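Peer 1: Letter by letter, the chains look like this.
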Amino acid sequence: MTLWGLSAAAMAQLAALFGGLAFLLYLLKLRERLVPVSAHFLWDRVIKAGQRSLLARILRRVFSFLLQMLILGAVIITLGDPRAVSTADHPDRLVLLIDDSASMRSVDVPRGSKTVSRWEEAISKARGVILNKRDNDEIMLVTYSSRASSRSTWETDTASLLSSLDKLAPTDMPGELATGLAYAQEVLSAGTPGKVILFTDAAGEPDPDILWGPAPEDCKVGNGLDITGMDLHRVPLSITPQGANVAITQLAARPLPTDPDTGEVLFQAINTGDQAIRTRVDFYVDGNWRESRQLDIAAGGEKVFLIRLPLVGAQLEARLKSLDSETDPLAVDDRAWAVLPRKPQPRMLFVGRENLFLEAALLLLPGTIRKIAPEDYRPAVLEHCMDPVGDPCNLVIFNEYVPESVPPTPNQIWVHPAGDPKAKQPFAINSRSKENLQILWTGGHQPHPIMESVSMKDVNLWGESTAFQLAAKDRPLMQVDARGTVLSLLRTLPTGQRLVALGFSLHDSDFVLQISFPVFMLNLVNWTMGSTPGYTATYPTGEPREFFMDTNQLRYPDGDVLPISGAGLVLTPPRTGVYTFLKDGEPVQSIAASLLSPAESRIEPRPLELSCRTPPEWRNRFVIWKASSSVRWRPMLALLLAGFGFLIMGYLRGAWGALLAFLGAMSLGLVAVYLLLTWGYPAWVALMGAAFVLLCVEWWSYHRRITV
Amino acid sequence: MPDPKAYVQARAQLAKAGIEESMGKDFLSELERLFLISRQVMAGKLRAERRTKKRGSGLEFAEHREYNMGDDFRHIDWNLYGRLEKLFVRLYEEEEDIPVYVMFDVSASMLEGTPIKAVHAFRIASALAYVALAHLDRATMLPFTAAMEQLQPPGRGKGRMFKMFHNIRNARLGGVTDLAQATRSFVFRRPRRGTVVLISDFLTAEGYEEAVNLLRYHRYRVIVVQVLSPQELAPKLTGDLELMDVETGQTRSITVTANLLRAYLAELERYTDGLRTFCQDRAIPYFLSPTNQPLETLMLEVFRKGGFLR
Numbered sequence: 001m002t003l004w005g006l007s008a009a010a011m012a013q014l015a016a017l018f019g020g021l022a023f024l025l026y027l028l029k030l031r032e033r034l035v036p037v038s039a040h041f042l043w044d045r046v047i048k049a050g051q052r053s054l055l056a057r058i059l060r061r062v063f064s065f066l067l068q069m070l071i072l073g074a075v076i077i078t079l080g081d082p083r084a085v086s087t088a089d090h091p092d093r094l095v096l097l098i099d100d101s102a103s104m105r106s107v108d109v110p111r112g113s114k115t116v117s118r119w120e121e122a123i124s125k126a127r128g129v130i131l132n133k134r135d136n137d138e139i140m141l142v143t144y145s146s147r148a149s150s151r152s153t154w155e156t157d158t159a160s161l162l163s164s165l166d167k168l169a170p171t172d173m174p175g176e177l178a179t180g181l182a183y184a185q186e187v188l189s190a191g192t193p194g195k196v197i198l199f200t201d202a203a204g205e206p207d208p209d210i211l212w213g214p215a216p217e218d219c220k221v222g223n224g225l226d227i228t229g230m231d232l233h234r235v236p237l238s239i240t241p242q243g244a245n246v247a248i249t250q251l252a253a254r255p256l257p258t259d260p261d262t263g264e265v266l267f268q269a270i271n272t273g274d275q276a277i278r279t280r281v282d283f284y285v286d287g288n289w290r291e292s293r294q295l296d297i298a299a300g301g302e303k304v305f306l307i308r309l310p311l312v313g314a315q316l317e318a319r320l321k322s323l324d325s326e327t328d329p330l331a332v333d334d335r336a337w338a339v340l341p342r343k344p345q346p347r348m349l350f351v352g353r354e355n356l357f358l359e360a361a362l363l364l365l366p367g368t369i370r371k372i373a374p375e376d377y378r379p380a381v382l383e384h385c386m387d388p389v390g391d392p393c394n395l396v397i398f399n400e401y402v403p404e405s406v407p408p409t410p411n412q413i414w415v416h417p418a419g420d421p422k423a424k425q426p427f428a429i430n431s432r433s434k435e436n437l438q439i440l441w442t443g444g445h446q447p448h449p450i451m452e453s454v455s456m457k458d459v460n461l462w463g464e465s466t467a468f469q470l471a472a473k474d475r476p477l478m479q480v481d482a483r484g485t486v487l488s489l490l491r492t493l494p495t496g497q498r499l500v501a502l503g504f505s506l507h508d509s510d511f512v513l514q515i516s517f518p519v520f521m522l523n524l525v526n527w528t529m530g531s532t533p534g535y536t537a538t539y540p541t542g543e544p545r546e547f548f549m550d551t552n553q554l555r556y557p558d559g560d561v562l563p564i565s566g567a568g569l570v571l572t573p574p575r576t577g578v579y580t581f582l583k584d585g586e587p588v589q590s591i592a593a594s595l596l597s598p599a600e601s602r603i604e605p606r607p608l609e610l611s612c613r614t615p616p617e618w619r620n621r622f623v624i625w626k627a628s629s630s631v632r633w634r635p636m637l638a639l640l641l642a643g644f645g646f647l648i649m650g651y652l653r654g655a656w657g658a659l660l661a662f663l664g665a666m667s668l669g670l671v672a673v674y675l676l677l678t679w680g681y682p683a684w685v686a687l688m689g690a691a692f693v694l695l696c697v698e699w700w701s702y703h704r705r706i707t708v
Numbered sequence: 001m002p003d004p005k006a007y008v009q010a011r012a013q014l015a016k017a018g019i020e021e022s023m024g025k026d027f028l029s030e031l032e033r034l035f036l037i038s039r040q041v042m043a044g045k046l047r048a049e050r051r052t053k054k055r056g057s058g059l060e061f062a063e064h065r066e067y068n069m070g071d072d073f074r075h076i077d078w079n080l081y082g083r084l085e086k087l088f089v090r091l092y093e094e095e096e097d098i099p100v101y102v103m104f105d106v107s108a109s110m111l112e113g114t115p116i117k118a119v120h121a122f123r124i125a126s127a128l129a130y131v132a133l134a135h136l137d138r139a140t141m142l143p144f145t146a147a148m149e150q151l152q153p154p155g156r157g158k159g160r161m162f163k164m165f166h167n168i169r170n171a172r173l174g175g176v177t178d179l180a181q182a183t184r185s186f187v188f189r190r191p192r193r194g195t196v197v198l199i200s201d202f203l204t205a206e207g208y209e210e211a212v213n214l215l216r217y218h219r220y221r222v223i224v225v226q227v228l229s230p231q232e233l234a235p236k237l238t239g240d241l242e243l244m245d246v247e248t249g250q251t252r253s254i255t256v257t258a259n260l261l262r263a264y265l266a267e268l269e270r271y272t273d274g275l276r277t278f279c280q281d282r283a284i285p286y287f288l289s290p291t292n293q294p295l296e297t298l299m300l301e302v303f304r305k306g307g308f309l310r
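Protein chains in written order, with the numbering used here: chain G, 1 to 708; chain S, 1 to 310.
A few of these clues could be false.
Counterexamples of contact, computed for chain S against chain G with all Cβ distances above 12 Å [as the list claims (entries may be wrong)]:
| id | residue |
| --- | --- |
| 1 | Y7 |
| 2 | P99 |
| 3 | P115 |
| 4 | K158 |
| 5 | C279 |
| 6 | L300 |
Reference excerpt, derived from the structure (chain S facing chain G, CB under 10 Å, subset only) [unchecked claim]:
| id | residue |
| --- | --- |
| 7 | F88 |
| 8 | R90 |
| 9 | S109 |
| 10 | E112 |
| 11 | G113 |
| 12 | L203 |
| 13 | A205 |
| 14 | E209 |
| 15 | L228 |
| 16 | D240 |
| 17 | E242 |
| 18 | T248 |
| 19 | I254 |
| 20 | V256 |
| 21 | A266 |
Hints are computed from structural coordinates only; laboratory data are not their basis. Here the structure is a predicted model, which is why all the values come from computation and not from measurement. Where a beta carbon is used, it is the ideal one built from N, C-alpha and C, also for glycine.
All chains, please: the whole structure from these sequences, using the hints.
Peer 2: This is how it looks when you write it as structure tokens:
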């Protein structure tokens, strides 16, 4: 026992001072108050019948004085802040490996009359381990989900560890036990061996009190991590499933090529429970409600659908709500976010043979257009589209012209790439023809959006036309016969870049005279511009992504702003919601992050995926959480009952009553100290609790004249 | 511990001051008001009209008696002589005033309480005496402790009050209560028979029975008024105390608990019930008057109910 507060000498001085004062007051209290009465004889009759003996009266006064001394003693010792010292010859090194994945937010751990989250339960038990450690035991706090990190250094100081523990919070990332174990293994690889104490909901065992000992040889977990020899222990969490969990597992949005203000939303939800459930999903754009849909999801099933919504805004949010139950054990997977693509205005460069019909149709479109002659074309022109310092072009149209080299970046529309078949164009030419042709196929029953509201039935082609060879991921747009002679094709490159080739000349066709020609051009440009390179509707939490942007701040979904430096940033979104990159406080780009993890949303505890060549030898019970099971309730209840019993017997006449009352007070004080100490409270709290109990007893007994 | 004698002297001075204060104009006005109230209560009755067993010259016919030599001729009933041919005289009831002796205890025990019991007793005695004098009765106020120091004979007329006050001013307050001795010294002086109002706390170990019986034996009509202070009726004592008997100076160390207090109250109730029963058994009106009870209430309600005032 060491004193962390006042020294023993200071405590002795305080005890002498206040004890002396209390004794003086006690002596003054001993002086009886003189009360004149008209006659004694009535009192004499009463006194003979019921007055206590002199010994009893003295004892009761002493009892009162002793109670006061006990209270004073408890308060003074509290000021000394005594702490038990327990050292070990071979101190332990413990890695407290705490799962902070999204499923730990599940609220399904009964505690008394309420239900708490798995995270609260894990922290509470980790606190118990820290409070029960010996003074020279070293502990490191490590949390893991899809990544693992140390939350403290190797610490022996209980207060510091508790402070670090209190700062922890669960993430919205999926958990990977192997990641955590690998990190713990790495941490323990240097220095003396230690134990890994695991707090997770990802590994349930039949016997909750059994913990593992050193894992046997060739023992692998999860993704193949070899944990042979790891001294692994698990502190069980008292999880009681609270009903089915429904979760959003997919959310994506894209604008329609023909109508950029309307988008298609892909949504998927799953039901992890064993009973069918009715849910409703609500879609919000920039916080404003747009659409709701009711879903009946079978037990263990899923629902996927596409829905068209007006998507004028920046963010899409889906909220899932169970209609069959009030609460959902895991709320974090009931919401998902997506950012909506910002389609750029076309900055077009027209290169090639003049065509008034084509140029007139392009002028009807939004955006800007620059026209240059083929001989003026240089690839550098694309870098500054409209003026020497302007933005680069994002669409180039080569009309019956094939440049010397294929430009690498913008989207491209090639109209009748004539000339040498071996010229450097991006499309392989199958054949050329000068026959009169008619386009017989434009997608069949499922035409491409470019062909929406466009008919090629009466279009005549009389000049030279080109048939293309389809590459691996090319898509035909128009064919002239059933044999598959492709006259027009579409290509989307992995970078998002889009290319379109038309194998006929607009000069040698009456297509430009058709009323649907401007519509065709509108669809064509919309589709070609529709691809937003690098656009992702929502990112899964816990997956690292690299971003290159000219920004200097990142705003998290909870409003925290993190300064960043340099153009490159690897972000692993820890929380669901919308993150915004800022440049001097101004938004540059937003990204959305959602859990979208069916594995994480299946919250029922599952056995650890452990494979060992020889089965692990289960050890005897190894109780780390001493506090929860070390209270000896029977003697404690007996002492409690005895305390109250003695107090009640304090009504007895004579010295016995006084003695029993004092014993009762002492018993209750002891119960308070014992309970608070075994519950893991420091000694000063236990002493203050005891002082409070004694004070209550003194108050109670004083008002019943047990003490005087 | 304070000297009991000094304590009693201090209390006596306090009581005297209270009595002196009660003798002021305010109290006399209050007495006058009480008298008016008593007239309402006794409306229709003649003053000093107390029928006695004496036969005399009153107006109320009582009986006939044979004529004897020397009887007044005026009282011969000639009508009866006409019928019986014998001489009879008519006898009438004698009407006379009845003396009222108001004895009030001024021993040391009566100096306790707030308000002081002796002061309250004095006020009750004064009121009764005043009402009696105002009704043309004879009345006197007799303070007593262990004995009756002097017996002021009852007088007539409201002016008598001041003489009574003068005598009370000179009375000694304090000392030991001895009801039996006090009544003995009263009856041995053979005052004329009448009504004796005995005002005391009756808190005496020797008892009250002998005193009351002695008065009854000498054919006095007795009325008992017990005066107790609120501190005696509902004491608020707790803890370790030393009780001092103000009359004897003896002390007792006790620890007052809630139980003990309850036992004391039960004992006090038993004691006052004993006195009440004793009086009721002997057809003696009994009143318990706490010192905080207004005088008017006592006069109007308690006394009338008890038959003292009609």
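Peer 1: Taking the numbered hints from earlier one at a time, note which ones the structure violates and give those numbers from smallest to largest.
Peer 2: 1, 7, 8, 14
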